[in-house]
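Make the full structure from the sequences, and use the hints.
Sequence lines, in order, name chains A and B.
638 is the number of the first residue of the first sequence in my numbering; add one for each residue after it.
124 is the number of the first residue of the second sequence in my numbering; add one for each residue after it.
I should point out that these hints are in silico values taken from the structure, not numbers from a laboratory.
Don't take each hint at face value.
From chain A, some residues computed to sit far from chain B (all C-beta separations above 12 Å) [to be verified]: (1) Lys644; (2) Asn651; (3) Gly676; (4) Ala694; (5) Arg714; (6) Leu715; (7) Asp727; (8) Glu747; (9) Val759; (10) Glu763; (11) Val767; (12) Met776; (13) Lys820; (14) Asp839; (15) Asp853.
Some chain A residues close to chain B (C-beta under 7 Å, calculated; not the full set) [as the list claims (entries may be wrong)]: (16) Ser687; (17) Phe689; (18) Ser709; (19) Val717; (20) Val736.
With a straight-line cut-off of 27 Å between C-alpha atoms, the simulated BS3-like cross-links for lysine-lysine are [unchecked claim]: (21) Lys142(B) x Lys746(A); (22) Lys777(A) x Lys125(B); (23) Lys145(B) x Lys125(B); (24) Lys370(B) x Lys746(A); (25) Lys746(A) x Lys820(A); (26) Lys142(B) x Lys745(A); (27) Lys284(B) x Lys746(A); (28) Lys284(B) x Lys125(B).
If you're wondering where the values come from, they're calculated on a predicted model, not measured in any experiment.
Using N, Cα and C, we set each Cβ at its ideal position, and we do this for glycine too.
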Amino acid sequence: MNIIDAKNLTKDYNGLRAVDGVSFEIMQGECFGFLGPNGAGKTTVMRIISCFMPPTAGEVRVFGMEVTGEPSRIKSRLGVMPQDNNLDPDLSVFENLIVYARYFDILKKEATRRAQELLNFVELLEKADVNIEQLSGGMKHRLLLARSLINNPELLLLDEPTTGLDPHSRHAVWDRLNYLKSKDTTLILTTHYMEEAEKLCDRVAIMDSGKIVTVDTPARLIEKHGGNLEDVYLKLTGRNLED
Amino acid sequence: MKIKRAYRVWQRHWTVYTKLYKSSFALNFAEPVLYLVAMGLGLGTLVKQIHGEPYIKFIAPGIIASSSMFAAVYECTYGTYIRMTFQKTFDAILATPVNIDDLIAAELVWGATKSVIYGVTFMIVVALFGLVDSPFILLSIPVVFLCGLIFGELSLIFAAKVPGIDSFSYFYTLFMTPLFLFSGIFFPLETLPPFVTDIAFFTPLYHLVNVCRALSSGSLSGALWSSVWILVVVFVLATLPFKLMRKRVIA
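So this is what it looks like as structure tokens:
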């Protein structure tokens, strides 16, 4: 079954066409990556899938439900890990998880249990009572990941999950995402790191200027176009990914 | 909009407030006390009496109204703006089942809650000073809440439109300060040309001051029309903050 069906998805944003008639399907249990440079429209696609903003045109179904129909029902089954830190600076590490759990109507006792379990999962248990400002960048990322899992989501959206992280922290996030994959969580991520796409993604959509250029498995793309994903990207779009 | 989801956001604000109130409460509270003492006792030695009351007793109900106003306005201008932009708290919350309308409703009700917290605290202070004649003053609490919604609505309308946080100084200088000075807190508006009262009629603080002053002296009838004005305006303004905030946040 498809977890996401997008047909001719278009989004105009500040007078610009950020996403230009893209169609794609994402299956349950797969890890799907949107690969492209900044401004390619990746984040906008993610924001529409997460029901943050409605598409200008086209149709997007998540779990079979239209995103503009009943967003709360979709969002209750989603986890979102944002690109920028939006942890609550007025709350401690533990409180961040507990308060977030309340938005999903998770009862206190259950929320406490899950918060402890997730802090353990991201190795932040000993930081439970620490203020957000005292965490390093890598720790904040891990806490954002833990927070996005508080409602046991069937689908996890990760917007550039490792951008700005040092190699060690990046591997720490990848390990956990691989674990979630093995538990049959559907993952959708955006990235401009080739290595990340190759390591995690079952299929990648290569995006350029609001359009999807191609969708395939990383292995087949490399086979078809030669070299590594970086070369594939250059060949398909005539551009370097880091541009 | 779902009340339960809005409540979850209100609950977040309450959690943060009860955690941090010690650091801000004393300051917010000190200001009205300073006004009361400086104007009431300082100016009061010159002004002697207004409408047969000692000056400090004349201004006390007005300062209940103004301190509740500033509480809601501060919350729904700087507070909301910081949550919306710098902290990205809105983004985090909107990734959960909470939707933008739930979130904005919570901002409004939280602003009004702050109005009640500060209004009631100052009411207690004023009562301890012996400046309240009637227990009817307690009836002003729901009116303070409603008027807090109006101040929240006005603030959110502004917060939805400002290009940056510095722009709030316009709101305070051009809107809040005149309200504070010309709503009949420190002198009866009849002492100025009639057009001042005519303008004041269209502003919320003037009516809240009327209500607090009338109830403090035990007059229910004196509070009636201003209370009705406040109730009506809450509804008149209700849709605009939602509309503008939807546009600002979601685009």
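Against the structure, the hints:
No beta-carbon of chain B comes within 12 Å of the beta-carbon of Lys644(A); the shortest separation is about 22 Å. A beta-carbon of chain B is positioned within 12 Å of the beta-carbon of Asn651(A); the least distance is around 7 Å. At the 12 Å boundary, the C-beta of Gly676(A) stays outside the reach of chain B, the nearest C-beta of that chain being 16 Å off. In this structure Ala694(A) is separated from chain B by more than 12 Å, as the shortest Cβ-Cβ distance comes to about 16 Å.
At the 12 Å boundary, the C-beta of Arg714(A) falls inside the reach of chain B, the nearest C-beta of that chain being 9 Å off. Once the 12 Å rule is applied to beta carbons, Leu715(A) is inconsistent with being away from chain B; the minimum gap is 7 Å. Remark: the non-interface label on Asp727(A) conflicts with the geometry, its nearest Cβ contact in chain B lying 4 Å away (cut-off 12 Å). At the 12 Å boundary, the C-beta of Glu747(A) stays outside the reach of chain B, the nearest C-beta of that chain being 15 Å off.
The Cβ of Val759(A) lies farther than 12 Å from every Cβ of chain B, with a closest approach of about 17 Å, so its non-interface assignment holds. At roughly 21 Å, the least C-beta separation between Glu763(A) and chain B is larger than 12 Å, which holds for a residue marked as non-interface. Interface exclusion of Val767(A) from chain B stands, the closest Cβ pair being 14 Å apart, more than 12 Å. Consistency note on Met776(A): stated as away from chain B, and its beta-carbon is indeed over 12 Å from all of that chain's, at 17 Å minimum.
Lys820(A), annotated as away from the interface, keeps every beta carbon of chain B farther than 12 Å; the closest lies near 21 Å. The Cβ of Asp839(A) lies farther than 12 Å from every Cβ of chain B, with a closest approach of about 24 Å, so its non-interface assignment holds. Every Cβ of chain B is farther than 12 Å from the Cβ of Asp853(A); the closest lies at roughly 29 Å, confirming the non-interface assignment. Satisfaction of the interface hint for Ser687(A) is found here, the shortest Cβ-Cβ separation to chain B being roughly 6 Å, below the 7 Å cut-off.
Here the hint on Phe689(A) is kept, as its CB sits about 6 Å from the closest CB of chain B, short of 7 Å. Below 7 Å, beta-carbon pairs count as interface contacts, and Ser709(A) has one with chain B at about 4 Å; its hint therefore holds. Look at Val717(A): its Cβ gets to within about 4 Å of chain B, closer than 7 Å, so that hint holds up. At its closest, the beta carbon of Val736(A) sits 5 Å from a beta carbon of chain B; the interface hint therefore holds under the 7 Å criterion.
As the CA atoms of Lys142(B) and Lys746(A) are separated by approximately 20 Å, the hinted pair is consistent with the 27 Å bound. The suggested pairing of Lys777(A) with Lys125(B) is violated, with an alpha-carbon distance near 31 Å, which exceeds 27 Å. Pair hint Lys145(B) plus Lys125(B) does not hold up; C-alpha atoms about 32 Å apart against a cutoff of 27 Å. Restraint check: the Cα-Cα separation between Lys370(B) and Lys746(A) comes to about 37 Å, which exceeds 27 Å; the hinted pair is violated.
Of the pairs offered as hints, the one joining Lys746(A) and Lys820(A) holds, with about 24 Å between alpha carbons and a cut-off of 27 Å not exceeded. Proximity of Lys142(B) to Lys745(A) is assessed by CA-CA distance (about 18 Å); at most 27 Å being required, the pair is judged to hold. For the suggested pair Lys284(B) and Lys746(A), the alpha carbons sit about 41 Å apart, so the restraint of at most 27 Å is broken. With a C-alpha separation of about 25 Å, the suggested pair Lys284(B) and Lys125(B) falls inside the 27 Å cut-off, and the hint holds.
Violation of the numbered hints given earlier is confined to hints 2, 5, 6, 7, 22, 23, 24, 27; the remaining hints are satisfied by the structure.
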